[in-house]
Amino acid sequence: MNGPGLIPYLILGAVLFGTGVAGVLSQRSALMVLMSIEVMMNGALVNLVAFWRFVAPGNYDAQVFFIIIVTIMAIEMAAGLELMLLMYRQRGSANIDAASELKR
Amino acid sequence: MSGIIEWLIFGMLALIAVITAAGMLVTMSMYRAGLALMASFVALAGIFILLDADLLAMIQIMMNVGGMLIMILVMVMLMMDPGGQMMWDMKRSMHIRGLGAFSMTMPRGHHEATTDAPMPMDDHMHMPHGEQEATEEGADTPGMQHGGMDLRDGQQAKGAMKMSGMNAQQHYQMLVSMAMTTAQLPWALVVGAATAVALILLVVVTPWHLAGTAPSGDAAAIVGNLLLGRYMVGFEGAAFLIVAGIAGAVLLARREGSPPSYAQSLQAPTPAAQIAQPTAAKPMYTCPMHSEVQQDHPGKCPICGMDLVPQPPQRMGDMGGEQ
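As given, the protein sequences belong to chains A and B, one line each in that order. My numbering puts the first residue of the first sequence at 1, with every later residue one more than the last. My numbering puts the first residue of the second sequence at 1001, with every later residue one more than the last.
Next comes chain B alone, as it looks inside the complex:
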């Protein structure tokens, strides 16, 4: 009887582990992705308990679930749309079909440049008007996921484009920038499935030498003795690695420069350039034909004799914002 119960529990836990791990990949909300991974870890901890590895189950929960909590914290603190609400609104307002709050993939193919009359942008759109490049939004939002749109219906796509007030090319670019997966999603699925199948075949075909005994002894005591005895070097090495990792992470995350400039650099590049502009406040006069001619007073071009026209100062921020 206990065998059947064990099978049932194994089946449930295995299903939870795999489905949440796969669900992590298709959700548009980063917060939910973190939660799904945490659920997968907890299910695996249950699997470890089934395997009589209680110590490992506890270690799994403490380290990985704790780690995922920290990751979720980082996501929520740093990202602009961790819950996916903005993406969900955008998707709904653009009437893009997909599996509900999921399935943000690359748009398929190029859309022909239809010339629909541009209409005012929907209120829900948070992307800047006329965004040409595929850029990510906002300041200091690492890893931000934008949901891509799965345009299954060309008709609705055209309707969506009309509402967004962009032409087809811009719309396509925006969808590309908002996709959660790369265009290699089908290949990725194939490779993943092939890997799993190959491993399963290997596993089933190999004649394993099963021990047939049950583990005995106090795992914690034995493992503790091993760590402090035979594996002392590895133990200390891991500890050293942790310290190095923490120190490195703190070092890498260090703020560059003095606090005011850092705060400015957090905003979009344009304000930084605007702040830099007053220092280069004097407009230079340049020749319309020869841009290398720069004078700080009006006059005539020494090369061709045309009147010099004032030239606005270079916006330094533009180069930084390029992708």
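Just chain A, same shape as in the assembly:
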């Protein structure tokens, strides 16, 4: 019996992505939204690596892409933490519903 093929990994990526979406839409604190975005990106990364392995294993460009994405994830986390810190200092709360200045 063979190990899992392409589809199970893609399903895992899809489930992770869906979990991240649910988290982004439902969490109240900006920090939790950030962490849910990380979960979504991880789902996409699982898909990326699965495609590399099963569709184009000779082409290592996918791994370079992975490295760049993970780097961007780290930067985004830092920038998001920063914004949250600022938001808290300005208005006394990290509740993203409170950031509604652009609303009419």
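None of these hints come from the bench; they were simulated from the model. Check each hint, because a few of them may be wrong.
[Said to hold, decoys possible] Derived list of chain A stretches under chain B, where covered just means 3 residues or more per stretch with a C-beta under 8 Å from a C-beta of chain B:
| id | region |
| --- | --- |
| 1 | 10-24 |
| 2 | 28-40 |
| 3 | 51-63 |
| 4 | 66-78 |
[Unchecked claim] One side only, chain B facing chain A, incomplete, derived with CB under 10 Å:
| id | residue |
| --- | --- |
| 5 | Glu1006 |
| 6 | Trp1007 |
| 7 | Gly1011 |
| 8 | Val1018 |
| 9 | Leu1044 |
| 10 | Phe1048 |
| 11 | Asp1052 |
| 12 | Leu1056 |
| 13 | Met1075 |
| 14 | Leu1185 |
| 15 | Val1204 |
| 16 | Val1223 |
| 17 | Tyr1231 |
[As the list claims (entries may be wrong)] So, partial list: chain A residues that the calculated Cβ filter (under 10 Å) puts toward chain B:
| id | residue |
| --- | --- |
| 18 | Gly3 |
| 19 | Pro4 |
| 20 | Gly43 |
| 21 | Leu45 |
Don't be surprised by glycine CBs; every beta carbon is placed ideally from N, CA and C.
Given the structure of chain A, go ahead and fit chain B onto it with the hints provided.
What follows is chain B alone, placed relative to chain A:
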């Protein structure tokens, strides 16, 4: 035989990854949320090893787990209740039901304003007395999660309200302010599930062109050559972005103003206003009917002739504390 083992390992790792990612969303403790996300990352690193991407697994562990460690550090340093202990105590003392240390959601609906006689507040309550607005607690505690309460039992809710010494409206406001998820939680779950199902359908239906070969070659060497060769621009661009991100983050986190005023601004707005008050120490005298009349000595109102009464100076901090 190895196929079955691979399936088993895949199943275990996939379950860990998904369950910890979902668990991150329902826990009331920020520290545990960070740990859960870290566990999810490690499980995914295991998945990458299953996929013969050892280099990527190592990169995942080094960057993401390290990043999560830093995030947990930030949480523990800056937040007032990173472990969720305060929320747990509050939840227990108010006898609110829920799934143990989890499930802090928005209270459902409005409670009618029952007029129970207010009783002294429970010792475990850390929220300020008679807090009207839905405010977050404490100074400089970004991203602080308060656990919301899942009031499944109206009877216990009334009991909780009695103990907390607030009326129903205040109680509701407090629960709203302490909720961990927004009121759109059911919709969020539906949208998340729909997204996952749509993606799974897409994946299952598409005829993928599988290569059927195994990866060969030293991944690290090949990727290194690619980064320094064909993808040099992207590599350098990422490096530049990192530097810009770090510089920007440091710039944004810079303390405003001189150290004493910053320390004061860390406390609740009221002390800042109290410190500002001595500089406006003279009470102004104003007319009870015409508040635009301001004199620094007692007398009579020029408009209506009433005696001027002393007016306490404006508390500047109030406007800053509004939400």
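Verification of the supplied hints:
1. 10-24: holds (count 15)
2. 28-40: holds (count 9)
3. 51-63: holds (count 10)
4. 66-78: Answer holds; 11 residues pass the 8 Å Cβ test.
5. Glu1006: Hint on B:Glu1006: holds, closest Cβ of chain A at ~3 Å, below 10 Å.
6. Trp1007: holds (6 Å)
7. Gly1011: Hint on B:Gly1011: holds, closest Cβ of chain A at ~8 Å, below 10 Å.
8. Val1018: Check passed: Cβ of B:Val1018 comes within 5 Å of chain A, closer than 10 Å.
9. Leu1044: Hint on B:Leu1044: holds, closest Cβ of chain A at ~6 Å, below 10 Å.
10. Phe1048: holds (6 Å)
11. Asp1052: holds (6 Å)
12. Leu1056: holds (5 Å)
13. Met1075: holds (7 Å)
14. Leu1185: With a closest approach of 5 Å, the B:Leu1185 hint holds.
15. Val1204: holds (6 Å)
16. Val1223: Holds, because the Cβ-Cβ distance from B:Val1223 to chain A comes to roughly 5 Å (cut-off 10 Å).
17. Tyr1231: Hint on B:Tyr1231: holds, closest Cβ of chain A at ~5 Å, below 10 Å.
18. Gly3: At 3 Å from the nearest chain B Cβ, A:Gly3 passes the 10 Å test, so the hint holds.
19. Pro4: holds (5 Å)
20. Gly43: Check passed: Cβ of A:Gly43 comes within 9 Å of chain B, closer than 10 Å.
21. Leu45: holds (8 Å)
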